[in-house]
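Here the protein sequences line up with chains A and B, keeping their order. Numbering follows the working numbering, in which position 101 of the first sequence is assigned residue number 101; successive positions increment by one, without gaps. Numbering follows the working numbering, in which position 99 of the second sequence is assigned residue number 99; successive positions increment by one, without gaps.
In short, the hints are calculated from the structure, not lab data. Incorrect hints may have been included.
Unchecked claim - Computed cross-link-like contacts, DSSO-like style, restricted to lysine-lysine with a CA-CA straight-line distance of at most 30 Å:
#1 B:431 - B:41
#2 B:431 - A:191
#3 B:12 - A:92
#4 B:12 - A:191
#5 A:92 - B:41
#6 A:169 - A:213
Stated by the list, open to error - Partial list, computed: chain A residues near chain B (C-beta under 10 Å):
#7 46
#8 124
#9 125
Here the structure is a predicted model, which means the values were calculated and not measured. Even glycine gets a Cβ: it sits at the ideal position worked out from N, Cα and C.
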Amino acid sequence: MTAPVLILGATSDMGRAIAQRFAAQGYPIQLAARQVSRLERDKADLAIRYGVPVSVHEFDVLAVETHAAFIQQLPMQPAIVICVVGFMPAQKVCEQDCSLALDVMRTNYEGPAVILSLFANLFEQRGFGTLVGISSVAGERGRASNYFYGSGKAGFTAFLSGLRQRLAKSGVQVLTVLPGYVNTRMTEGMKLPPLLTAEPKEVANAIFAAIEKKKDVIYVRPIWRWIMLLIRWIPEPLFKRLSL
Amino acid sequence: MSSPMAPRGSLKTLCGWGRYPVQTCHVYCPRSESEMIQLLKRGLPLIARGNGRAYGDSALNREATLQMRHFNRLLGFNPQTGQLIAEAGVLLAEILEIFVPRGWFPLVTPGTKFVTVGGMIAADVHGKNHHKEGSFVRSLDWLDLLTSEGQIYRCSPSENRDLFYWTVGGMGLTGVILRAAFRLRPIETAWIRQTIRIAKNLDEVIDLFEAAQDVTYSVAWIDCLASGSRLGRSVVMLGEHATREELPTKYRQRPLRTPQRRKISIPLDFPNGALNALTVGTFNQLYFLNSQRKAGQSFVDWDTFFYPLDSLLGWNRIYGRRGFVQFQCVLPLSTAREGLSALLHCTSAAGAGSFLAVLKKLGDQQGYFSFPMAGYTLALDFPMSQRTLKVLDQLEEITLQYGGRFYLAKDSHLTPLRLRQSDCRVETFVKVRNAQQWTVNFASEQSKRLRL
Ligand SMILES: Cc1cc2nc3c(=O)[nH]c(=O)nc-3n(C[C@H](O)[C@H](O)[C@H](O)COP(=O)(O)OP(=O)(O)OC[C@H]3O[C@@H](n4cnc5c(N)ncnc54)[C@H](O)[C@@H]3O)c2cc1C
Chain A
1 MTAPVLILGA
11 TSDMGRAIAQ
21 RFAAQGYPIQ
31 LAARQVSRLE
41 RDKADLAIRY
51 GVPVSVHEFD
61 VLAVETHAAF
71 IQQLPMQPAI
81 VICVVGFMPA
91 QKVCEQDCSL
101 ALDVMRTNYE
111 GPAVILSLFA
121 NLFEQRGFGT
131 LVGISSVAGE
141 RGRASNYFYG
151 SGKAGFTAFL
161 SGLRQRLAKS
171 GVQVLTVLPG
181 YVNTRMTEGM
191 KLPPLLTAEP
201 KEVANAIFAA
211 IEKKKDVIYV
221 RPIWRWIMLL
231 IRWIPEPLFK
241 RLSL
Chain B
1 MSSPMAPRGS
11 LKTLCGWGRY
21 PVQTCHVYCP
31 RSESEMIQLL
41 KRGLPLIARG
51 NGRAYGDSAL
61 NREATLQMRH
71 FNRLLGFNPQ
81 TGQLIAEAGV
91 LLAEILEIFV
101 PRGWFPLVTP
111 GTKFVTVGGM
121 IAADVHGKNH
131 HKEGSFVRSL
141 DWLDLLTSEG
151 QIYRCSPSEN
161 RDLFYWTVGG
171 MGLTGVILRA
181 AFRLRPIETA
191 WIRQTIRIAK
201 NLDEVIDLFE
211 AAQDVTYSVA
221 WIDCLASGSR
231 LGRSVVMLGE
241 HATREELPTK
251 YRQRPLRTPQ
261 RRKISIPLDF
271 PNGALNALTV
281 GTFNQLYFLN
291 SQRKAGQSFV
301 DWDTFFYPLD
311 SLLGWNRIYG
321 RRGFVQFQCV
331 LPLSTAREGL
341 SALLHCTSAA
351 GAGSFLAVLK
361 KLGDQQGYFS
371 FPMAGYTLAL
381 DFPMSQRTLK
391 VLDQLEEITL
401 QYGGRFYLAK
411 DSHLTPLRLR
421 QSDCRVETFV
431 KVRNAQQWTV
441 NFASEQSKRL
451 RL
C-alpha cells in the first residue's frame with residue numbers, strides 16, 4: 001500500500017478538496033486540524049466514496065512546541081505532507097489588535113515553517129517524500145490592504161524556497177503553491193474577478209499534477225504569474241501611491 | 001480566532017430552474033451547524049436552498065437564502081440494508097456515480113439527477129414508480145431537522161412523527177434538513193429493460209397505464225399540439241431493472257457499467273420566442289416519428305432512461321431570457337380522463353406549444369403535505385409570456401374544477417386562494433406553522449406569495 005498523504009489544515013475548503021483528489025487516486029489520507037471532531041464527517045465521507053483508509057489527528061499550528069510530538073504519534077509516516085493552513089482576518093482589525101496581527105503572522109509563517117522543518121529532517125534522512133506549502137501571491141509584494149497576511153506568506157515562500165535548495169540533492173520535493181484568489185470561506189462575500197478566481201478543486205488538481213511532474217513553484221491559474229510579474233516591477237515611489 | 005462566526009452573506013441574483021421569477025437575495029453558505037444557528041438567531045426568516053432545481057420561487061428568500069452546498073458528505077452506508085446516511089447538500093448525481101457501479105439505485109428518483117437530498121425530501125419527490133412504490137418518504141428512515149431557535153430533532157415515522165410528515169413535502173418551511181438516512185435498492189445491472197408503446201389518443205394512454213399497474217416504471221410523453229381525435233397521442237415508456245440473465249451478452253460481462261453519455265451544454269440564451277408553435281410542433285412531430293420507429297423492447301442505460309434531459313446541461317436557456325413556467329397538477333382517478341382531456345384541449349387550443357408534456361400515474365398520498373395522491377399527474381412547460389399567464393389561469397381553474405391539486409416545486413404563479421381551494425391541507429399546515437413559530441424562522445418567496 002502507498003504511504004498516506006497528510007493534510008494540515010484539513011477543515012478548510014482547500015484541504016477538503018485536496019483530500020478528495022488524493023483519495024480518489026487511492027492514497028490513504030491523514031487529516032489534521034485544530035478541532036479534530038470536525039473532521040469526523042470528512043473521514044466518513046472519504047472512506048465511503050473512495051474506500052481508502054482515513055485517520056484524523058489533532059494539530060494546532062500555533063502550538064509549535066507540540067509539533068514534534070504530533071509527528072511522533074502519527075500511526076504511519078506520510079509520503080506527502082500538504083500544509084494548507086492560513087488565516088486572513090480583516091487587515092483593518094489587525095492594525096488595531098496586536099495579538100490578532102501576531103496570530104496572523106504566526107499562523108501563516110512560523111507554525112507552517114516549524115512543522116515542515118521537522119518533516120524535512122525526517123524525509124531527508126529516508127531520502128524521499130514531498131512537502132507542499134500553500135503560500136499566496138499576496139506574499140510577492142506587500143500591499144496596504146493585507147500586509148500582515150502578505151508578510152506572513154512572504155516569509156513562508158522564502159522559507160520553502162530555501163528548504164527546496166537544501167533538499168535538492170536528497171530526493172525530497174518541495175512544492176510552493178501560489179493559488180491567487182480561491183473561492184473559499186476566507187474570501188466569501190468578497191467581489192472576486194471570475195477570471196482570476198479558482199475553485200478549491202482546481203487547486204487540488206494543480207497540486208496533484210505538480211507533484212507528478214516534480215515541479216517547484218506553481219501558480220494555480222497561470223495568468224497570475226504575469227500579473228505578479230507586473231506588480232513586482234512597479235517602482236516603489238509609484239507603487240506607494242497606487243491603491244492596489 | 002476559533003469563535004464560530006456567522007457566515008458573511010453576499011447579494012446574488014437567484015432564480016429557480018424556470019428562471020422566473022428572478023430575485024436578488026442575501027445568500028449565505030454556512031459550513032457548520034453552529035453557523036446556521038447563528039443565522040437563525042438573528043430572527044430573520046430564511047429558506048434552505050439545494051441545487052435550485054425547483055422551477056419557481058420555493059428556494060428563494062430575499063432576506064436570507066441558505067445555500068446548502070457545503071453540507072455534502074456521505075456519512076454512512078450499510079451494504080446489508082442499502083441504507084445511506086448523507087448530508088442534505090449531497091447531489092443525487094454523486095450518489096448515482098458512486099453507488100450504481102456498486103449495484104445500488106435510489107428507491108425513488110425525480111426526472112433529473114441534479115437535485116440534493118434535502119431538495120428531494122422537502123418536495124417529497126415522486127418518480128416513474130410512484131403508482132407502485134410511492135414517493136421519496138417511502139425510502140426515508142429518518143432525517144435530522146434544524147428548527148426554530150436552533151434545536152435539532154431526529155424525525156422518523158416513529159420519532160417526532162408529526163414533524164417528520166410535515167417536513168417531507170414541506171418545501172423547507174418546517175426547518176433546515178441537515179442529514180438523512182434513506183435506502184437504496186440493490187440492482188443486478190445498470191440497465192433498464194424498456195418497452196415503448198404508442199398511444200393514439202388520451203383514452204389509449206390511460207388504458208395503457210391501467211394495464212401496466214405492475215410495471216415498475218411508467219411514463220408518457222404527450223404531443224400536446226395534437227388535437228381532435230388525436231388529442232393526447234403519446235409515447236408510453238415502461239421499464240424494469242434488467243436482470244443479468246436478461247441482458248444481451250455484450251453487456252453481461254460488466255453489467256453495472258454503462259457507456260458514458262456525452263454531455264452538451266447550451267452555451268447561450270435562445271432568443272425569446274425561438275420556441276413557438278412552429279418549432280415545437282416540428283420537434284414534437286420528429287420525436288413522435290422517431291419513437292414510433294423504436295416501439296418495442298430494448299435495453300437502455302439508467303442515465304438515458306431516468307434522466308433524458310440531463311445530458312443537455314443548462315437546457316432551461318432554450319426558453320430565452322424571459323424563462324419559462326411549468327404547470328404540474330394531479331387529478332384524482334375518478335375525474336382524470338375528463339379532466340386531462342380538458343387540460344389538453346385548453347393547451348392545444350391556446351397553441352401555446354408546450355415542449356414537454358409528461359403524464360404519470362400516481363399512487364396514494366403519504367406525507368401530510370406531499371403533492372402526490374392517487375390519480376394522474378400532468379406536467380407542462382411554457383415559455384414565459386403574457387399569454388402564458390392567461391393559459392395558466394385557465395389550467396388552474398380546470399384543475400380546481402376536477403378536484404386536482406398543484407405541485408409547489410413547479411409553481412411560480414398560484415394565488416393563495418387557488419391553493420386553498422385546491423387543497424384542504426393548506427389551512428392545517430399554516431396553523432401548525434404558526435403554532436410552532438416556524439413562520440418566524442422559515443419563509444420563501446413562494447410561501448410569502450401563497451401566505452403559507
Ligand atoms: C428537469 C427536472 C425534472 C424534474 N422531475 C421531477 C420529477 O420527476 N418528480 C418530482 O417530484 N420532481 C421533479 N422535479 C422537481 C425537483 O425534483 C424538485 O424541485 C427538487 O426539490 C429540487 O431539488 P433541489 O435540491 O434543486 O432543491 P431546490 O430547488 O434548491 O429547493 C426546492 C425546495 O426544497 C427546499 N430545500 C432544499 N434543501 C433543503 C434543506 N436542506 N432543508 C430544507 N429544505 C430544503 C427548498 O427550501 C425548496 O422549498 C424536476 C425538476 C427538474 C428541473
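These are the hints, each one checked on the structure:
Restraint check for residue 431 of chain B and residue 41 of chain B: satisfied, since their Cα atoms lie roughly 23 Å apart, inside the 30 Å limit. At roughly 42 Å between alpha-carbon atoms, residue 431 of chain B and residue 191 of chain A are farther apart than 30 Å, so this suggested pair is violated. Using a Cα cut-off of 30 Å, the hinted pair residue 12 of chain B and residue 92 of chain A holds, with the two alpha carbons roughly 26 Å apart. This hinted pair checks out: residue 12 of chain B and residue 191 of chain A have alpha carbons roughly 11 Å apart, not beyond 30 Å.
Restraint check: the Cα-Cα separation between residue 92 of chain A and residue 41 of chain B comes to about 27 Å, which is no more than 30 Å; the hinted pair holds. The suggested pairing of residue 169 of chain A with residue 213 of chain A holds, with an alpha-carbon distance near 17 Å, which does not exceed 30 Å. A least Cβ separation of about 9 Å between residue 46 of chain A and chain B falls short of the 10 Å threshold, and the interface hint therefore holds. The beta carbon of residue 124 of chain A comes no nearer than 33 Å to any beta carbon in chain B, farther than 10 Å, and the hint placing it at the interface is violated.
For the restraint placing residue 125 of chain A at the interface with chain B, the shortest Cβ-Cβ distance is roughly 35 Å, beyond the 10 Å limit, so the hint is violated.
This entry does not satisfy hints 2, 8, 9, going by the numbered hints stated previously.
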